[in-house]
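A.B. asks: Residue numbers (numbering that gives the first Met the number 0), protein chains in the order written: chain G, 0 to 71; chain D, 0 to 181.
What the hints contain is simulated information worked out from the structure, not anything from laboratory work.
It is possible that part of the hints are untrue.
As the list claims (entries may be wrong) - Simulated DEER-style distance windows between Cβ atoms:
(1) G:Glu19 - D:Leu40: 27 to 33 Å
(2) D:His98 - G:Ala18: 24 to 30 Å
(3) D:Lys110 - G:Arg43: 28 to 34 Å
(4) D:Asp33 - G:Ala30: 37 to 43 Å
(5) G:Pro41 - D:Asp70: 15 to 21 Å
(6) G:Ala18 - D:Ala5: 24 to 30 Å
(7) G:Asp42 - D:Thr3: 20 to 26 Å
Unchecked claim - Under 8 Å between C-beta atoms, here's a sample of chain G residues computed to sit facing chain D:
(8) Gln38
(9) Val40
(10) Leu51
Remember, it's a predicted structure, so these values are computed and weren't measured experimentally.
Backbone N, C-alpha and C define an ideal beta-carbon position, used for all residues, glycine too.
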Amino acid sequence: MKDPKSKSAAPGKQGGLNAEIQSRIGHQLRAMYDDVVRQGVPDRFADLIRKLDASDASPQIGNADEKNDGRE
Amino acid sequence: MPLTNALRDDILASVPSLRAFAISLSGNGDRADDLVQETLLRALANIDSFQPGSNLPAWLFTILRNLFRSDYRKRRREVEDADGSYAKTLKTQPAQNAHLEFEEFRAALEKLPQDQREALILVGASGFSYEDAAAICGCAVGTIKSRVNRARSKLSALLYVDGAEDFGPDETVRAVIGGSGG
Numbered sequence: 000m001k002d003p004k005s006k007s008a009a010p011g012k013q014g015g016l017n018a019e020i021q022s023r024i025g026h027q028l029r030a031m032y033d034d035v036v037r038q039g040v041p042d043r044f045a046d047l048i049r050k051l052d053a054s055d056a057s058p059q060i061g062n063a064d065e066k067n068d069g070r071e
Numbered sequence: 000m001p002l003t004n005a006l007r008d009d010i011l012a013s014v015p016s017l018r019a020f021a022i023s024l025s026g027n028g029d030r031a032d033d034l035v036q037e038t039l040l041r042a043l044a045n046i047d048s049f050q051p052g053s054n055l056p057a058w059l060f061t062i063l064r065n066l067f068r069s070d071y072r073k074r075r076r077e078v079e080d081a082d083g084s085y086a087k088t089l090k091t092q093p094a095q096n097a098h099l100e101f102e103e104f105r106a107a108l109e110k111l112p113q114d115q116r117e118a119l120i121l122v123g124a125s126g127f128s129y130e131d132a133a134a135i136c137g138c139a140v141g142t143i144k145s146r147v148n149r150a151r152s153k154l155s156a157l158l159y160v161d162g163a164e165d166f167g168p169d170e171t172v173r174a175v176i177g178g179s180g181g
């Protein structure tokens, strides 16, 4: 443990990473990711798909907002 | 296959995870949503090339990743997410303590090489198998496994080795990995 090259203690033993650290990394990664997933589908994308769907025959993508389906 | 209602619904259902992937890749919420939008347009324009019964999320993720990479090459070295715009995209702010830890984690993730970061996210967060992740990234399964392993080592060195900041990530990783080399 007094290896002059390693200023600070390396986690776990050599080679394999400490399982606890790995599980923390896994948790944080998923927490970060799931925070976004939980936001669901923003209107922007639901509208986009709906519009493309409505204009099925003519694949016009460029012109947005003239139609507001669904509500009212 | 043609765009059926079911397929359209499946595409919509993939949007939340596409966004999460895009944000983790780019570290920037606005840019991520542009990326998702472009992915959807690209997917719908090429819907005929989608094989019914194959993995739709994997197909969409592949499109998004390719768009990101070509975009990334153009924008290389442009402004990163210095002001934490990623955090602003989150509706639910984590509690104070958790928030700090979260920021630290996000910063560490951004220090990973792109190949390693995407492999780790696909396998560790999106829940793809190594095989799917390999298909998405267009590389061998073994390559994905080693990228994921290197990403984990590097993250753990960045986050959990005291004083890692003092001598920089590369030194840290060398120190940790060097110990296991022989």
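A.B. asks: Compare the structure with each hint and give your call.
C.D. replies: So, going through the hints one by one against the coordinates:
1. Remark: the range hint 27 to 33 Å for glutamate 19 of chain G to leucine 40 of chain D is contradicted by a beta-carbon distance near 44 Å.
2. Taking the beta carbon of each, histidine 98 of chain D and alanine 18 of chain G are about 26 Å apart, inside 24 to 30 Å as hinted.
3. Range check, lysine 110 of chain D to arginine 43 of chain G: about 31 Å between beta-carbon atoms, so the 28 to 34 Å window is met.
4. Aspartate 33 of chain D and alanine 30 of chain G have their C-beta atoms about 25 Å apart, which leaves the hinted 37 to 43 Å range violated.
5. Distance hint check: the CB atoms of proline 41 of chain G and aspartate 70 of chain D are about 20 Å apart, consistent with the given range 15 to 21 Å.
6. Roughly 42 Å separates the CB atoms of alanine 18 of chain G and alanine 5 of chain D, a value that falls outside the hinted 24 to 30 Å.
7. About 23 Å separates the C-beta atoms of aspartate 42 of chain G and threonine 3 of chain D, a value consistent with the hinted range of 20 to 26 Å.
8. For glutamine 38 of chain G, the interface hint holds, since its Cβ comes within 8 Å of a Cβ in chain D; the closest pair sits about 6 Å apart.
9. Satisfaction of the interface hint for valine 40 of chain G is found here, the shortest Cβ-Cβ separation to chain D being roughly 5 Å, below the 8 Å cut-off.
10. Given the 8 Å rule on beta carbons, the hint for leucine 51 of chain G holds: about 6 Å separates it from the nearest Cβ of chain D.
Violated hints, listed in ascending order, are 1, 4 and 6; each of the other numbered hints is respected by the structure.
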